[in-house]
Amino acid sequence: MKKLKMIVCAAAVMTSATALADDARTASHEAGNVAQARTSMGAAVAAAEKHAGGKAVRAEYEKGKDGRWAYDVEVAGGTDMFDVRIDADAGTVIASTKDAADSDDEGDKAD
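Reading the sequence shown from the start, the letters are residues -21 to -1, 1 to 90 in mature numbering (1 follows the signal peptide of the UniProt record, and there is no 0).
No lab work stands behind these hints, which were simulated from the structure alone. Hints are not guaranteed to be accurate.
Under the rule of at most 25 Å between Cα atoms (straight-line distance), these lysine-lysine pairs were calculated in the DSS-like manner [stated by the list, open to error]:
| no. | residue 1 | residue 2 |
| --- | --- | --- |
| 1 | 77 | 34 |
| 2 | 42 | 29 |
| 3 | 44 | 77 |
| 4 | 42 | 77 |
| 5 | 77 | 29 |
Since the model is a prediction, treat every value here as computed from it, not as a measurement.
Based on the sequences and whatever the hints tell you, model everything.
Here it is in structure tokens:
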């Protein structure tokens, strides 16, 4: 039984290390792309805040399903949360949806 626990723990550590390495490669790839964006993250956040009438609580730079890079900004406005997608080149609002207050937007309609 003790040997089985050690094998399971070793497999979990190896899996975690692989996931962290994948995350690091993705993050460095995204960092390279954000340097090429015509709109800065600060400008994207300002546009999202103005559009939703609130304060940004989170911002990400990500590649959409359409293959275009954009900023995904979560904005708190009063008691509502909004996901605002900003075009990385034009700095304009691509999409905006009212969202439940959450810290994980994976799978949200605007993603």
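Now for the hints, and whether the structure bears them out:
no., hint, in the structure
1, 77 - 34, "14 Å, holds"
2, 42 - 29, "23 Å, holds"
3, 44 - 77, "20 Å, holds"
4, 42 - 77, "21 Å, holds"
5, 77 - 29, "15 Å, holds"
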